[in-house]
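Here the protein sequences line up with chains A and B, keeping their order.
Under our numbering, the first residue of the first sequence is numbered 1, with each subsequent residue one higher.
Under our numbering, the first residue of the second sequence is numbered 1001, with each subsequent residue one higher.
Quick caveat, the hints were computed from the structure, so don't treat them as lab data.
Keep in mind it's a predicted model, so treat the numbers as computed, not measured.
We put the CB at the ideal spot given by N, CA and C, even for glycine.
It cannot be assumed that every hint is accurate.
Below 27 Å or equal to it, Euclidean Cα-Cα: the simulated DSS-like pairs (lysine-lysine) are [stated by the list, open to error]: (1) A/Lys110 to B/Lys1030; (2) B/Lys1170 to B/Lys1189; (3) A/Lys102 to B/Lys1122; (4) B/Lys1061 to A/Lys102; (5) B/Lys1170 to A/Lys91; (6) A/Lys90 to B/Lys1030; (7) B/Lys1110 to B/Lys1048; (8) B/Lys1187 to B/Lys1170; (9) A/Lys102 to B/Lys1048; (10) B/Lys1061 to A/Lys91; (11) B/Lys1110 to B/Lys1122; (12) B/Lys1164 to A/Lys102; (13) A/Lys110 to B/Lys1061; (14) B/Lys1170 to A/Lys90; (15) B/Lys1030 to B/Lys1110; (16) A/Lys90 to B/Lys1189; (17) B/Lys1164 to A/Lys90; (18) B/Lys1048 to A/Lys110; (19) B/Lys1125 to B/Lys1164; (20) A/Lys91 to B/Lys1189; (21) B/Lys1061 to A/Lys90; (22) B/Lys1061 to B/Lys1048.
Among chain A residues calculated to face chain B with C-beta under 10 Å, some are [stated by the list, open to error]: (23) Asp64; (24) Ala77; (25) Val86; (26) Glu93; (27) Val96; (28) Leu101.
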Amino acid sequence: MNIFQWIMLPILVVLTLFLFGRLKKQPWIRVIVLLIMGLGMVFLIQPEWSTEVANFLGIGRGVDLLIYLSMLGLTLACILLYVRTVELDKKLEALVRQDALKEIREEEAKNNREDG
Amino acid sequence: MKKPKQNIWIIVPAFNEGRVLAGVLQSLQKSPYQILVVDDGSDDDSRKICHQVGVHCIRHKVNLGQGAALQTGMDFCQEIGAEMVVHFDADGQHRVEDIDRLLAQLQLGKGDVILGSRFLTKEDKREVPFQRRMLLQMARILQFLLTGLWLSDAHNGLRALNRKALCAIKLEQSGRAHATEILQQIKEKELSYAEVPVHITYSHYSTSKGTSIWDAFQVLEDLLVKRKRQT
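Extracted from the complex, chain A is given alone in its bound form (with noise of 0.2 Å):
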């Protein structure tokens, strides 16, 4: 194993511990990312196996595996991302609602305790 290979293993390693732990409420994106995590730490570590791969699914050079599987996980995150926003934003949403509600109620009262 050359230093790439030795520094980039134990992070792999790591991003997947700490993604694994993220995601206890989705097991199906757990599966997904053991699996391309899994993927990629075998890949550094026989990177000759990618092209082998890629001859197999016709693809050519392993490089190019690698390239098309990395977009495959960038829009997969992508996705993952929006979906996570739109649900904070309707969080986001409810919250600023019941505390501009609460805050006219108070106020409403007031000036009904005013006006007598």
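Take the given structure of chain A and dock chain B to it, following the hints.
Okay, now just chain B, sitting in the frame of chain A:
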């Protein structure tokens, strides 16, 4: 003696409309209805203007979008037992006189929701700039495909709802797509509706704040993605 205001509420969603808000609210105050501004996280002095003019004001601490502001206003109106509500834009493009026309149709039972349309009379139609007319025609077609309702106008912010519609409609679309979502809900919740001619004033200010072609793409994205998520 000052005549007491009716239990009909004009909901005015406003985001950074300080330049024109005072004028709009002063003209609305001539009507016998209650006025509720939903300040959607404005950075300007919109809230101060509301207090100076003396209208009810709800404030979102952060900007959420026009649809969210309208829903907050409707939640409040529902809570206090409003009989009818009117959605009225804060940018000065709507006429106060048109409110009575919308409410008259509601009171006559012509529909649970009365929608304003700028394409029902030749005079009103003539006022719409060419580019906007084209955009609105495309929006009408898209609106029909998404809701099944074939209307003469699209995304007209002036509309009136009776109590039944006020309680039934729950806007999920926080942005501009709420205008199409209202139609979807009219269809889904089997509410009746009618269109009434209204006049839109196209000032430089209101045109600059109106929906552009790029906003239209955003509306489309919201409708398709969020519609998909709801099903």
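Against the structure, the hints:
With a C-alpha separation of about 25 Å, the suggested pair A/Lys110 and B/Lys1030 falls inside the 27 Å cut-off, and the hint holds. Under the criterion of a C-alpha separation no larger than 27 Å, the hint pairing B/Lys1170 with B/Lys1189 is consistent with the structure, at around 11 Å. Taking the CA atoms of A/Lys102 and B/Lys1122, the gap is about 46 Å. The hint is violated against a cut of 27 Å. For the suggested pair B/Lys1061 and A/Lys102, the alpha carbons sit about 12 Å apart, so the restraint of at most 27 Å is met.
A distance of roughly 15 Å separates the Cα atoms of B/Lys1170 and A/Lys91; the hinted pair therefore holds under the 27 Å criterion. Taking the CA atoms of A/Lys90 and B/Lys1030, the gap is near 37 Å; set against the 27 Å cutoff, the hint is violated. For the hint pairing B/Lys1110 with B/Lys1048, the CA-to-CA distance comes to about 38 Å; that exceeds 27 Å, so the pair is violated. Annotation: proposed proximity of B/Lys1187 to B/Lys1170 holds, straight-line Cα distance about 13 Å (limit 27 Å).
Between A/Lys102 and B/Lys1048 the CA atoms are separated by roughly 19 Å; this keeps the pair inside 27 Å, and the hint holds. A threshold of 27 Å between alpha carbons decides the hint, and for B/Lys1061 with A/Lys91 the separation of about 14 Å falls inside it, so the pair holds. Proximity of B/Lys1110 to B/Lys1122 is assessed by CA-CA distance (about 23 Å); at most 27 Å being required, the pair is judged to hold. The straight-line distance between the Cα atoms of B/Lys1164 and A/Lys102 is roughly 24 Å, inside the 27 Å bound, and the hint therefore holds.
With a C-alpha separation of about 21 Å, the suggested pair A/Lys110 and B/Lys1061 falls inside the 27 Å cut-off, and the hint holds. This hinted pair checks out: B/Lys1170 and A/Lys90 have alpha carbons roughly 13 Å apart, not beyond 27 Å. Distance check on the hinted pair: B/Lys1030 and B/Lys1110 sit about 26 Å apart at the alpha-carbon level, within 27 Å; holds. Between A/Lys90 and B/Lys1189, the direct Cα distance comes to roughly 22 Å. Compliance with the 27 Å bound is thereby established for this hinted pair.
Taking the CA atoms of B/Lys1164 and A/Lys90, the gap is near 25 Å; set against the 27 Å cutoff, the hint holds. In summary, the hint linking B/Lys1048 to A/Lys110 is supported, as the alpha carbons are separated by about 18 Å, within the 27 Å threshold. For the hint pairing B/Lys1125 with B/Lys1164, the CA-to-CA distance comes to about 31 Å; that exceeds 27 Å, so the pair is violated. Distance check on the hinted pair: A/Lys91 and B/Lys1189 sit about 25 Å apart at the alpha-carbon level, within 27 Å; holds.
Taking the CA atoms of B/Lys1061 and A/Lys90, the gap is about 15 Å. The hint holds against a cut of 27 Å. Restraint check for B/Lys1061 and B/Lys1048: the C-alpha separation of about 15 Å stays at or below 27 Å, so the hint holds. The restraint placing A/Asp64 at the interface with chain B is violated, with a minimum CB-CB distance near 32 Å, outside the 10 Å limit. For the restraint placing A/Ala77 at the interface with chain B, the shortest Cβ-Cβ distance is roughly 17 Å, beyond the 10 Å limit, so the hint is violated.
With a least beta-carbon distance of about 7 Å to chain B, the hint placing A/Val86 at the interface is held under the 10 Å criterion. Among the interface hints, the one on A/Glu93 holds; its C-beta lies about 5 Å from the nearest C-beta in chain B, closer than the 10 Å criterion. Interface restraint check for A/Val96: the shortest CB-CB distance to chain B comes to about 5 Å, inside 10 Å, so the restraint holds. The restraint placing A/Leu101 at the interface with chain B holds, with a minimum CB-CB distance near 6 Å, inside the 10 Å limit.
In terms of the numbered hints stated before, the structure departs from hints 3, 6, 7, 19, 23, 24, listed from lowest to highest.
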